[in-house]
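Those sequence lines, one after another, are chains A and B.
Residue numbers for the first sequence follow the working numbering, beginning at 1 and rising by one.
Residue numbers for the second sequence follow the working numbering, beginning at 1001 and rising by one.
It is worth saying that the hints were derived from the structure and are not from the lab.
All C-beta atoms, glycine included, are put in the ideal place defined by N, C-alpha and C.
Heads up, some of the hints might be wrong.
[Unchecked claim] Quick list of the computed label-pair ranges, beta carbon to beta carbon:
| # | chain 1 | residue 1 | chain 2 | residue 2 | range |
| --- | --- | --- | --- | --- | --- |
| 1 | B | E1024 | A | S124 | 52 to 60 Å |
| 2 | A | P209 | B | E1117 | 19 to 27 Å |
| 3 | B | R1109 | A | S124 | 26 to 34 Å |
| 4 | A | R45 | B | K1077 | 39 to 47 Å |
| 5 | A | P209 | B | T1305 | 32 to 40 Å |
| 6 | B | P1026 | A | A111 | 31 to 39 Å |
| 7 | B | E1211 | A | L202 | 54 to 62 Å |
| 8 | A | A111 | B | A1231 | 48 to 56 Å |
| 9 | A | M52 | B | G1212 | 54 to 62 Å |
| 10 | B | V1169 | A | R45 | 40 to 48 Å |
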Amino acid sequence: MTAAEWLRHNAGEIADLTAWHLWLSILPLLIGLLVALPLGRLAHRSRRLYPMLVALAGLVYTVPSLALFILLPKLLSTRILDPVNVVIALSVYTTALLVRVVADGLAAVPADVIQSAHAMGYRSHQRLIRIELPIAVPVIAAGLRVAAVSNVSIVSMAALLGVPQLGSLFTQGFQLHFFTPIVTGVVLSLVIALVLDGLILLAGHSLTPWQPRRSAR
Amino acid sequence: MIRFDNVTKAYPDGTVAVDRLSLEAPTGKITVLVGPSGCGKTTSMRMVNRLIEPTSGTITLGGQPVSGTDATELRRKIGYVIQHAGLFPHKNVADNVMALPRLLGLGRREARTRALELLERVGLGPQFADRYPWQLSGGQQQRVGVARALAADPPYLLMDEPFSAVDPVVRAQLQEEFLRLQREIGKTIVLVTHDIDEALKLGDQVAVLREGGRLAQAAAPAELLARPADAFVAGFVGRDRGYRALGFAGTGDGVIPAAEPAVVLGATRAEAEAAALDGWILVTAPGGEPVGWAALDRLDGDRVTEQDLNLSATTARTDGTLRELLDAALSSPSGRGVLVDAEGHLAGTVSPTAVARAIEEAASATAPAGATAGSVEPAAGSAAEAPAGSHL
Chain A
1 MTAAEWLRHN AGEIADLTAW HLWLSILPLL IGLLVALPLG RLAHRSRRLY PMLVALAGLV
61 YTVPSLALFI LLPKLLSTRI LDPVNVVIAL SVYTTALLVR VVADGLAAVP ADVIQSAHAM
121 GYRSHQRLIR IELPIAVPVI AAGLRVAAVS NVSIVSMAAL LGVPQLGSLF TQGFQLHFFT
181 PIVTGVVLSL VIALVLDGLI LLAGHSLTPW QPRRSAR
Chain B
1001 MIRFDNVTKA YPDGTVAVDR LSLEAPTGKI TVLVGPSGCG KTTSMRMVNR LIEPTSGTIT
1061 LGGQPVSGTD ATELRRKIGY VIQHAGLFPH KNVADNVMAL PRLLGLGRRE ARTRALELLE
1121 RVGLGPQFAD RYPWQLSGGQ QQRVGVARAL AADPPYLLMD EPFSAVDPVV RAQLQEEFLR
1181 LQREIGKTIV LVTHDIDEAL KLGDQVAVLR EGGRLAQAAA PAELLARPAD AFVAGFVGRD
1241 RGYRALGFAG TGDGVIPAAE PAVVLGATRA EAEAAALDGW ILVTAPGGEP VGWAALDRLD
1301 GDRVTEQDLN LSATTARTDG TLRELLDAAL SSPSGRGVLV DAEGHLAGTV SPTAVARAIE
1361 EAASATAPAG ATAGSVEPAA GSAAEAPAGS HL
């Protein structure tokens, strides 16, 4: 079978796998961000919690993904093939990456800005939502880009459990001693990573029209 | 009125930032807290809007103790301006100004209109409304900061070193405009500064604090200069306080300007020579505003041009202070101080001797004690001699 024939025969399946891959990368990104926001805020506000949370996040991030994929079903009593394991595992990684990012983003808000908001009569939640988070967007967006690319890459590992996504093409190609699926999987993963990265960059820019721009993008 | 009643702020480590401060900041006036670093001036101010809570004593706003109200609600009634303006970097100028009213539910369109009014008040045109803070100079940011503090039309304003972060030229300009603005809005203002010159220039009342957070003296600037309560205050207000005190004494009827011949810029050499007294001719713009002096023996060409002008002289308004008058006389290359009327037109000139006489008269008219006259007379005497020796 030539590469072209294989691609033609499997176009439908490749499209499905790509969609799964996207979904399994994006959903944890959103969940991770939602969890990291309050945790990051907590770390930012407490001088004692910050080093603890950051150290814990670093530790979590070093747990091998394969181990996590295998452990989670036991911990959560889910089925091992359930994609929810992948979503949870990646959410944990994303959170671990973003806790520090959110805390540092909030810490980068200039002190006189916070002081004037406080003195003007912003309540603490109003200040967080209207002043601090918007100013932290560039830092958080930069962290999200790292997390997005990292997710796209880690999702492939789930192929070893049989959860369908582009990683499945790697195992398939490996078993058949056939390179086309592997190359296809690599190329599509790269494209997904680039597209997600670009989207976050764009979203970050559209949320921060106030930032001085060195070059138009 | 903002009233401090026996207010103390002590920290757990034993540091006393403010020590039994009692002070009244009268309604519609500017009260300046001034003192060396560590004197508790900023701490005192921050206790007014409860950014810091006093250890003991009470602060009342218009008779209401501040401790009895919700701190956030309290702060919304008190405008606040800080040193580097602290503008919100992610909001444009108009949104910065109206941030608080918008937070409290004011509609977008109304907010925009009000923002433009406020910006105009502080000397910024509508073209600034859509700029972001990073696109503004330090002075412009500070103006926006003042506009923002006024947005909710609070009766009180707290200002923490509001003009310290800009260069001296812009600072002087901002101070002048601030005084003009205050004449229009008449807020009850507490302003903190470490700069005694700024305090004397801006304050209706100046409260001098010393290390350890104790009030050394609270008085009007002229009073502070004329009768410092102790050696600390005397040292703090500075060595040249006799001269500075003149800045609070009006010329009144004390000085009658002598007629001064003048030529308009562009006049011929012959016209200038015909009009000049002792080698110097005063040159005015076509409208009659003095622009500078020209020395006859250094005229370059047939006409009096801008290149011929000596621009060293300051001018004093006929209704200005004795300090302006003396400065005009001292700075004039001809030795004759230029006086202008309210429209800026030439009103005549005064000699240093005439100014000295006016100073003596003012001193004997107002000072009950010998201290004031004593500090003014020698200054005036030496002033009278300076230009005579150097210019004539």
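Right, here's what the structure says about each hint:
1. E1024(B) with S124(A): 52 to 60 Å: At 33 Å between Cβs, range violated.
2. P209(A) with E1117(B): 19 to 27 Å: The hinted range 19 to 27 Å holds for P209(A) and E1117(B), with Cβ atoms some 25 Å apart.
3. R1109(B) with S124(A): 26 to 34 Å: Holds, at about 29 Å.
4. R45(A) with K1077(B): 39 to 47 Å: Since R45(A) and K1077(B) have Cβ atoms about 27 Å apart, the given range 39 to 47 Å is violated.
5. P209(A) with T1305(B): 32 to 40 Å: For T1305(B) against P209(A), whose Cβ atoms are near 51 Å apart, the range 32 to 40 Å is violated.
6. P1026(B) with A111(A): 31 to 39 Å: holds, 33 Å
7. E1211(B) with L202(A): 54 to 62 Å: With Cβ atoms ~56 Å apart, the hint holds.
8. A111(A) with A1231(B): 48 to 56 Å: violated, 37 Å
9. M52(A) with G1212(B): 54 to 62 Å: violated, 40 Å
10. V1169(B) with R45(A): 40 to 48 Å: holds, 42 Å
In terms of the numbered hints stated before, the structure departs from hints 1, 4, 5, 8 and 9, listed from lowest to highest.
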